[in-house]
Amino acid sequence: MLALAVTGPALLLTACASDTSGSPSGGPAIVVTTPILGSVVSSIVDCAGSGSVEVLMPNGSDPHDFAASSAQLADLVSADLVIANGLGLEAGMTAALAGARADGARIWEAGPNVDPIPFEGADDHSADDHSADDHGGALDPHIWFDMGRMATAATLIGQQLDMVAGTSTSKGSAGSGAVRSGDGGTFAACGAQVADQISAAERTVRATLESVPADRRVLVTDHEALGYLAAAYGYRIAGAVIPSQSTLAEPSSAELAALAEVIRQEQVPAIFANVSSPAQLAQAVAQEAGTQVSVVPLYVESLGEPGSPAQDYPGMMLEDATRIAGGLGAPSDG
Amino acid sequence: MTADLAWLTEPFTLGFQQRALLGGCLAAVMCAIVGTWLVLRGMSFFGDAFVHGIVPGVAAAVALQVNPLIGAAVAALVMVLAIEAVNRQTALSEDTAIGLLFVGMLALGVVIISRMDSYAGNLTTILFGDILGITASGLVVQAVLAVVVITGGLILYRPLLALSLNQQKAELLGMRPNRAHAALLILIAAAVIGSYQAAGTLLVFGLLVGPAATAALLSRSIPAMMLTACAIGVASVWLGLLISYHANTAGSATMAIIPVVSFFLVLAGRWARRRVLPASSHA
Numbered sequence: 034m035l036a037l038a039v040t041g042p043a044l045l046l047t048a049c050a051s052d053t054s055g056s057p058s059g060g061p062a063i064v065v066t067t068p069i070l071g072s073v074v075s076s077i078v079d080c081a082g083s084g085s086v087e088v089l090m091p092n093g094s095d096p097h098d099f100a101a102s103s104a105q106l107a108d109l110v111s112a113d114l115v116i117a118n119g120l121g122l123e124a125g126m127t128a129a130l131a132g133a134r135a136d137g138a139r140i141w142e143a144g145p146n147v148d149p150i151p152f153e154g155a156d157d158h159s160a161d162d163h164s165a166d167d168h169g170g171a172l173d174p175h176i177w178f179d180m181g182r183m184a185t186a187a188t189l190i191g192q193q194l195d196m197v198a199g200t201s202t203s204k205g206s207a208g209s210g211a212v213r214s215g216d217g218g219t220f221a222a223c224g225a226q227v228a229d230q231i232s233a234a235e236r237t238v239r240a241t242l243e244s245v246p247a248d249r250r251v252l253v254t255d256h257e258a259l260g261y262l263a264a265a266y267g268y269r270i271a272g273a274v275i276p277s278q279s280t281l282a283e284p285s286s287a288e289l290a291a292l293a294e295v296i297r298q299e300q301v302p303a304i305f306a307n308v309s310s311p312a313q314l315a316q317a318v319a320q321e322a323g324t325q326v327s328v329v330p331l332y333v334e335s336l337g338e339p340g341s342p343a344q345d346y347p348g349m350m351l352e353d354a355t356r357i358a359g360g361l362g363a364p365s366d367g
Numbered sequence: 591m592t593a594d595l596a597w598l599t600e601p602f603t604l605g606f607q608q609r610a611l612l613g614g615c616l617a618a619v620m621c622a623i624v625g626t627w628l629v630l631r632g633m634s635f636f637g638d639a640f641v642h643g644i645v646p647g648v649a650a651a652v653a654l655q656v657n658p659l660i661g662a663a664v665a666a667l668v669m670v671l672a673i674e675a676v677n678r679q680t681a682l683s684e685d686t687a688i689g690l691l692f693v694g695m696l697a698l699g700v701v702i703i704s705r706m707d708s709y710a711g712n713l714t715t716i717l718f719g720d721i722l723g724i725t726a727s728g729l730v731v732q733a734v735l736a737v738v739v740i741t742g743g744l745i746l747y748r749p750l751l752a753l754s755l756n757q758q759k760a761e762l763l764g765m766r767p768n769r770a771h772a773a774l775l776i777l778i779a780a781a782v783i784g785s786y787q788a789a790g791t792l793l794v795f796g797l798l799v800g801p802a803a804t805a806a807l808l809s810r811s812i813p814a815m816m817l818t819a820c821a822i823g824v825a826s827v828w829l830g831l832l833i834s835y836h837a838n839t840a841g842s843a844t845m846a847i848i849p850v851v852s853f854f855l856v857l858a859g860r861w862a863r864r865r866v867l868p869a870s871s872h873a
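So the protein sequences, as listed, match chains L and G.
Just so we're aligned, residue 34 is where the first sequence starts under our numbering, counting upward by one.
Just so we're aligned, residue 591 is where the second sequence starts under our numbering, counting upward by one.
Hints in this document: simulated from the structure, not taken from any laboratory.
Incorrect hints may have been included.
[Claimed, not checked] Per the computed footprint, the stretches of chain G lying under chain L, defined by three or more beta-carbons under 8 Å from a beta-carbon of chain L, are:
| no. | region |
| --- | --- |
| 1 | 603 to 611 |
| 2 | 714 to 720 |
| 3 | 724 to 731 |
| 4 | 834 to 842 |
In this text, a Cβ means the ideal position worked out from N, Cα and C, and glycines have one as well.
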């Protein structure tokens with residue numbers, strides 16, 4: 034834990050890379066918190082051919098821990114639209130986002146708009162627990178692991194962008210896609226198009242995940258992030274190395290021992306870790322549970338490097354589905 | 591010229607940036623006043639332990655959804671009472687008691703945070719501060735605490751001066767040194783509680799000791815030292831936020847480095863002056 038305290042400043046220092054794409058000339062200036070939502074928003078903007086996207090969190094950063102710099106928050110306040118995940122995912126930015134909202138930033142959160150599901154381990158937090166902020170602790174923020182919900186989010190983001198750009202009555206589109214639709218504007222049409230792309234990728238993801246025999250669809254993960262995937266594609270969560278929805282909590286030795294026992298009893302062949310965080314604990318549990326247990330890294334909260342199969346959101350989900358099916362011993366036709 | 595001016599003003603044009611500057615300056619002034627006494631009385635280690643000691647209070651308050659300031663105040667009280675108890679019951683020196691409480695309270699804080707399954711208790715935020723997230727209501731609380739610290743500092747000036755010079759003498763003069771000491775502890779608690787959101791519980795120590803230590807090198811009287819410490823603290827906050835904006839570094843950490851750097855710069859300057867002008871320094 035001291036290691037965490039010591040690496041904290043280093044994380045903050047590196048937490049400043051940002052990414053801009055889209056045309057600098059014209060269109061709404063959009064700031065997105067996470068790289069995953071950033072990928073979806075960039076696709077919509079590319080399709081519409083106007084607008085600029087700045088993604089605050091660099092690839093590989095932990096969204097629970099990320100803190101924005103003063104210059105990034107300034108961009109956030111002055112942006113036409115801020116798109117955040119919400120539901121408490123951006124824990125290190127909670128106060129900063131609230132402050133930016135008070136300063137007049139227009140923030141739209143995807144999570145609360147896609148019918149979020151409760152976080153499994155949150156029974157002790159009743160829904161009427163009143164907290165000062167609107168991020169209830171009881172809803173799971175990892176919405177992107179259900180591609181259906183992300184398709185909905187893409188559609189909604191398109192509509193939001195039309196509202197801020199005022200293009201719902203625009204005469205034509207200069208974009209490469211040049212998509213038109215009867216009722217919505219350019220961005221809404223592009224949002225719908227990106228939603229279709231996500232749905233198309235989802236069919237492959239679903240087929241891959243369903244290639245695993247039903248009795249082997251058991252997930253042990255590094256933290257409780259795959260609740261949506263389990264609910265959407267018929268998997269069961271057997272446990273998590275960090276029994277919390279946040280990567281910031283720490284497990285006790287008894288919890289790790291109990292998890293190793295569960296893995297042994299249920300003969301779970303793989304623990305799914307996170308590519309962007311160290312897997313020592315997952316390795317320790319795997320060793321304790323038996324030699325045949327492998328630790329498979331997944332893209333959990335961040336995309337892969339540009340050029341890798343997981344460089345955008347659909348690619349990340351396809352890659353994760355392949356790795357899950359491989360880790361659980363699906364027939365190799367995938 | 592206008593470009594230079596924009597470089598200086600641009601980081602402070604938006605609401606959150608102005609709240610950060612104001613909150614940081616309030617923290618710097620509070621810390622400078624109590625930090626002066628900490629440095630003069632050789633209580634830096636106590637101050638260090640104190641700022642870490644409030645971590646479990648803040649964490650528990652977040653978990654129980656009460657105001658973190660209340661948690662911090664309770665933890666500060668527990669800390670002081672426990673150190674006093676060890677001092678009275680044992681022959682161990684005071685730094686042992688402080689050390690025990692320091693590590694015990696910090697560890698307890700981390701334990702509490704490790705058992706929370708919500709995001710609210712972000713350890714990084716508690717330890718390293720969230721100066722860009724200071725709210726208007728937080729500023730009001732800070733301002734009230736600053737008034738308490740400044741008034742208390744003025745009222746306690748003579749008793750604390752006597753206490754810093756000689757404890758027995760203070761007793762003979764009827765200054766009630768124990769009361770003055772207890773009052774100082776309350777002022778330290780108020781300053782730390784009023785400053786931790788701006789600088790974080792780890793880094794607030796930079797504002798507590800850095801400006802006061804630098805001021806000690808530059809000043810010949812205690813009021814001058816306090817005013818110099820305030821000026822250095824406020825300048826550190828301003829410069830820290832400026833650098834943090836342009837270099838994209840963590841705000842609270844940049845702020846905490848500057849008083850320490852300024853201390854060593856002053857030290858180096860004094861050394862250089864003595865080497866270059868040996869005659870004038872003895873004049």
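ask   = Do three or more residues of the region 834 to 842 of chain G come closer than 8 Å to chain L, measuring C-beta to C-beta?
value = Check passed, 7 qualifying residues.
task = With a C-beta cutoff of 8 Å, work out whether three or more residues of the region 603 to 611 of chain G approach chain L closely enough for the coverage to hold.
result = With 7 residues closer than 8 Å to chain L, the region 603 to 611 of chain G meets the three-residue bar; holds.
request  = Between the region 724 to 731 of chain G and chain L, see if three or more residues pass the 8 Å beta-carbon test, and mark the coverage as holds or violated.
outcome  = holds (count 3)
message = If you count the residues of the region 714 to 720 of chain G with a beta-carbon closer than 8 Å to a beta-carbon of chain L, do you get 3 or more?
response = holds (count 5)
Comparing the model with each earlier hint shows no violations; every hint is respected.
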